[in-house]
Amino acid sequence: MKELQHLNKYFLKYKSKLILGILITIIARIFLLYTPRYVREIFIVVENYTAGKIPKDAVKGELIEIIVYIIGAAIIGAILTFFMRQYIINVSRYIEYDLKNEVYNQYQKLSLNFYKKNRTGDLMNRISEDVGRVRMYAGPAIMYSINTITLFIIVIIYMYNEAPLLTMYTIIPLPILSVVIYKLSKEIHNRSTIVQQYLSKLSTFTQESFSGISVIKAYGIEPQTSNNFENLAEESKQKQVSLAKVQAWFFPMMILLIGTSNLLVIYIGGMQYINGEIESLGTIAEFIIYVNLLTWPVATVGWVTSIVQQAEASQKRINEFLNIEPEIKNNVDYHTDINGDIVFNNVNFTYDDTNIQALKGVSFEIKQGETLAILGKTGSGKSTVLDLIGRLYDIDSGEITINNQSIDKLNLIDLRDSIGYVPQDAFLFSDTIKNNIKFGKENATDQDVIAAAKNAQVHKNIVKFNHGYDTILGERGITLSGGQKQRVSIARAIIKSPKILLFDDCLSAVDTETEEKILKTLSKISKGKTSIIVSHRVSSAKNADKIIVLDDGKIVQQGTHDTLIDVEGYYKHLYLKQLSETSSS
Numbered sequence: 000m001k002e003l004q005h006l007n008k009y010f011l012k013y014k015s016k017l018i019l020g021i022l023i024t025i026i027a028r029i030f031l032l033y034t035p036r037y038v039r040e041i042f043i044v045v046e047n048y049t050a051g052k053i054p055k056d057a058v059k060g061e062l063i064e065i066i067v068y069i070i071g072a073a074i075i076g077a078i079l080t081f082f083m084r085q086y087i088i089n090v091s092r093y094i095e096y097d098l099k100n101e102v103y104n105q106y107q108k109l110s111l112n113f114y115k116k117n118r119t120g121d122l123m124n125r126i127s128e129d130v131g132r133v134r135m136y137a138g139p140a141i142m143y144s145i146n147t148i149t150l151f152i153i154v155i156i157y158m159y160n161e162a163p164l165l166t167m168y169t170i171i172p173l174p175i176l177s178v179v180i181y182k183l184s185k186e187i188h189n190r191s192t193i194v195q196q197y198l199s200k201l202s203t204f205t206q207e208s209f210s211g212i213s214v215i216k217a218y219g220i221e222p223q224t225s226n227n228f229e230n231l232a233e234e235s236k237q238k239q240v241s242l243a244k245v246q247a248w249f250f251p252m253m254i255l256l257i258g259t260s261n262l263l264v265i266y267i268g269g270m271q272y273i274n275g276e277i278e279s280l281g282t283i284a285e286f287i288i289y290v291n292l293l294t295w296p297v298a299t300v301g302w303v304t305s306i307v308q309q310a311e312a313s314q315k316r317i318n319e320f321l322n323i324e325p326e327i328k329n330n331v332d333y334h335t336d337i338n339g340d341i342v343f344n345n346v347n348f349t350y351d352d353t354n355i356q357a358l359k360g361v362s363f364e365i366k367q368g369e370t371l372a373i374l375g376k377t378g379s380g381k382s383t384v385l386d387l388i389g390r391l392y393d394i395d396s397g398e399i400t401i402n403n404q405s406i407d408k409l410n411l412i413d414l415r416d417s418i419g420y421v422p423q424d425a426f427l428f429s430d431t432i433k434n435n436i437k438f439g440k441e442n443a444t445d446q447d448v449i450a451a452a453k454n455a456q457v458h459k460n461i462v463k464f465n466h467g468y469d470t471i472l473g474e475r476g477i478t479l480s481g482g483q484k485q486r487v488s489i490a491r492a493i494i495k496s497p498k499i500l501l502f503d504d505c506l507s508a509v510d511t512e513t514e515e516k517i518l519k520t521l522s523k524i525s526k527g528k529t530s531i532i533v534s535h536r537v538s539s540a541k542n543a544d545k546i547i548v549l550d551d552g553k554i555v556q557q558g559t560h561d562t563l564i565d566v567e568g569y570y571k572h573l574y575l576k577q578l579s580e581t582s583s584s
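Numbering-wise, numbering that gives the first Met the number 0 puts 64 at position 65 of the sequence shown, and it's gapless, one number per residue.
Calculated from the structure, these hints are not laboratory results. Each residue gets a CB set at the ideal place from its N, CA and C atoms; glycine is no exception. Hints may contain errors.
[Claimed, not checked] Just the calculated beta-carbon pair ranges, DEER-fashion: (1) GLN423 <-> PHE81: 49 to 59 Å; (2) ALA73 <-> ASP332: 57 to 67 Å; (3) ALA243 <-> THR444: 51 to 61 Å.
[Stated by the list, open to error] Using 20 Å as the maximum straight-line C-alpha spacing, the simulated DMTMM-like pairs for lysine to aspartate or glutamate come out as follows: (4) LYS315 <-> GLU514; (5) LYS528 <-> ASP416; (6) LYS244 <-> GLU233; (7) LYS553 <-> ASP416; (8) LYS495 <-> ASP447.
Model the full structure from these sequences, guided by the hints.
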C-alpha cells in the first residue's frame, strides 16, 4: 500500500464527498436488511393464523402492511445505493482526471533525454491503462470494501441474535469462498496481465504497419506482414482462451458455496425447528436471504484484493515517472524580456543516451537582427546548437547567454515563447491546416493565418484543396507532400512573430525557386529579429550576416559568403559542387 499513499492528497481533496458517500453506504445497507426481517414476519403471521392465534380478516391487513414496509425499505435502499455510487464512484473519476493531468503535466516537464529512453507505447499505457486500474482502487474497491464490512458486521450481529448456533454453521463456507475467489482473482490477474501485454503488441504492430503502409506496399511484403500479424493474433487468442478458462470457474464456485451455505441453513435450521430451538420457519427463510446477501460481499474480498494488487503495481509504474526530477527546470519566477543577442562561449555538450559529444568548444556571437547560417556534414552538431538555444538540453560546460544573461537564468516560458522553431522533420498534428498554423499563435485571426501561409509560399497549395484551410491532415501531416509540410511548419513559426527564428534545414524538400522566394520573404519579416538557419545548401546561407561551418562538433570555418568562397575548405567545395549541379541541370 506504500505506493498508493500518493493518492492520499486526492482523498483529502474530495474528503467531504467520500465521507458522505460512506455514510450513505452504511445507511443503505441498514435499509437493505429490513427485507429478510419482514420476510420472517410474514412466516410468523401465517404460522399464527394456522395455529388459530389471529383471525382470517386480520391476516390480509398484516401481510399488506409488511409488504408495504418491504417495498418502502427496498425503494429507500435503492435510492441510497444510487447516491452511494454517485458520490464514491464519481470521486474515483475525479481522481482519475486529476492523476491523468498530473502525469501529463509531468510528461511535459521531462526533458528530451527522457523520451529517448522510453517508448511512446509505454508512456501511453501508464497514463491510460495504469491510471484506469488505480481508479478501480479509488472507487469500486473502496465502495465494495465499505459495503462488505458494513453488511458483514450488521448481518452477523442480527443472525447471531436470532440463532447463534445456526449462524456459526451458516458462515463456515463463506471464508472458504473468499479464499477461493482470492486465488482465482490472483490467477485471473496474472493471465490478464499477459493478455494486456499481447494486446499492446498487437496495437504496436498494427500502428507501425499502418504508419509504414507505403513502405510495406513498396517492398511488396503484404503477405509476410499479414502472416506475422496472424501469428501474433493467434498467440493473443491462446492467451485470451487461457484467461477465459480460469474465469469460467468464478461463478460456478460461487454458486457451489452459496448452495452449500443454503443447504446448511435448511438442514441445521430445520433440525433446530423440529427440536424447538428456533420458534419459526421464518428464521430459516430469513437466514437464507442473509446468506445470499453476504455471498457477493464476501466474494468481493478476493476481487477487491486483486484490484488493490493491480492498483499498487500500476501506481508504482506511475510513481516511477512522477518521481523523476526534470533535468530542465525554470530557475526564475519573474518574467524576462528577450532581445535576441546570443553568445556561445566555449560550449561543450554530450548526449546522455549515446554518450556522443556533439559540441566541442563552440564559440560564436549573434547580435539582435542578425542572421547566422550553420553548415556542416550530417552529425556535425548543427541541430544541437538550435536545441541548446531553446534550452531543450543543458550544456556540460561553457556558457550560453541571451540578453547578456546566462540562459539558465532566464524564465524558461518567456525564452521559448520568444522563439519560432522549424524542426528538420516537420511535425503536423491530425487537425486542420488552419489549426496547425495557429498552433504558433492560438488567438491568430484567419487573416493572420493566410498572411503566414503566403509568406511561407504555401497559400497557393492550400487553396487548391477541396476544403482549403479547413482540410483535415492525416497522421503526422501525411496528406501533404514533404515540401508542403515544411512550409506549413514555417508558417506556424513566423505567425507568432518571435524575437528569435530557428530554421533547421527546413527547406530541404522544396525546389530552389520556391526556396529563393521563401528566403526573400524571410529576410523581410525577420528584420529586427535574430535568425539562425541550419542548412546543407549554400543558397540558404549565402545572404546570412555570418556563416559558421561545423565538423565533428567544432567550428572549422566562419565568416561571410564572400570571404569563405575565397579560402579552401568545406564551404568553398560545397559552393562549387552545388554551383556545378545547378549549371548542369
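Verification of the supplied hints:
1. Checked against the given bound of 49 to 59 Å, the beta carbons of GLN423 and PHE81, roughly 57 Å apart, stay inside it.
2. A beta carbon spacing of about 59 Å between ALA73 and ASP332 agrees with the range 57 to 67 Å that was offered as a hint.
3. Between ALA243 and THR444 the CB atoms are about 57 Å apart, so this pair conforms to the stated range of 51 to 61 Å.
4. Only pairs whose Cα atoms come within 20 Å are accepted, and LYS315 paired with GLU514 is rejected, the gap being roughly 51 Å.
5. Between LYS528 and ASP416 the alpha-carbon distance is near 14 Å, which keeps this suggested pair within the 20 Å criterion.
6. In summary, the hint linking LYS244 to GLU233 is supported, as the alpha carbons are separated by about 17 Å, within the 20 Å threshold.
7. Between LYS553 and ASP416 the alpha-carbon distance is near 29 Å, which puts this suggested pair outside the 20 Å criterion.
8. With a CA separation close to 9 Å, the supplied pair LYS495 and ASP447 stays within the 20 Å bound.
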